[in-house]
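Take these sequences, add in the hints, and give me the full structure.
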Amino acid sequence: MNSKNSSGFDLISNKMIKRLPESYAHILAPQYNDLFASAYWSKNWKRARTICFNKSDQSAPTTQQLRPISLLPVLGKVYERRFIMRFQRWLTNLNILPWQQSGARANQSTISRVNHLLEQLTNSLRYNTFTPVLFVDFKQAFDMLWQQGLLLKLNRVNCPTPYLLWITNYFKDRSMAIDLNGLLSDNIAIARGAPQGSVFGAIAYIVAHYDLQQIFERPENNHLYVDDLGSIYVPNIY
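According to UniProt numbering, the sequence shown is numbered sequentially starting from 1.
Note that these hints are calculated values from the structure, not bench results. We put the beta carbon where it would ideally sit given N, CA and C, even for glycine. A few of these clues could be false.
[Unchecked claim] Label pairs and their computed distance ranges (CB to CB): (1) Leu180 / Arg89: 37 to 47 Å; (2) Ser109 / Arg89: 15 to 25 Å; (3) Asn123 / Cys52: 44 to 54 Å; (4) Ala60 / Arg192: 24 to 34 Å.
[Claimed, not checked] Straight-line alpha carbon distances no greater than 25 Å define the calculated BS3-like cross-link-like pairs of lysine-lysine that follow: (5) Lys43 / Lys15; (6) Lys77 / Lys15; (7) Lys55 / Lys18; (8) Lys172 / Lys43; (9) Lys139 / Lys153; (10) Lys55 / Lys139; (11) Lys77 / Lys4; (12) Lys4 / Lys55; (13) Lys77 / Lys172; (14) Lys18 / Lys43; (15) Lys43 / Lys77; (16) Lys15 / Lys4; (17) Lys43 / Lys4; (18) Lys18 / Lys77; (19) Lys55 / Lys43.
In structure tokens form, the structure reads like this:
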């Protein structure tokens, strides 16, 4: 957890949480465990405070020229992290995610993918072969996440029922309100996508596309970091 001062509508920042005495962890942990046992999610934790930054030089930018930043209550994000610890253990034990995906995984990073890619390129150059690489950036990847599709795929791989219930309630009844210098818009319902500013969003996207490699003839030649894809063509040297 970083030490930022920004906060959601609860006005509690990461910095404030980090300054709590360590003894508070023993108080909060049982409360989070009780919430998880019932797959409960407070609506207040699912309401995002959204601030729009102007990316252009115009005083009246279009919606495409705005960059929205959503701030969620930090206590809700702690709840997400506690769930992710359990969820990732299940993903790892059942080997759900392909080895080509290095995003949001323990002991892996963008460097992991770059090293694999460079290794393949180096091997091709040894034989003086032409080796093109295609990089794909999925437009609005998180915003277009199909929530029901994620739950369907998790059900197919026998995801534990408590996890399915937690994720279902995680997506349900989410909303946002735009904050413009202290003036708030009406609540806007969010019916699709991974919540911006969330912790679980990246994991949700990765799991929803865990089978992406299956559409490729040579899955080992593809490299993923969350929603970024690099596909290398390695010609046959024989």
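For each hint given before, does the structure comply? Return the numbers of the non-compliant ones in rising order.
Of the numbered hints, 7 and 19 do not hold.
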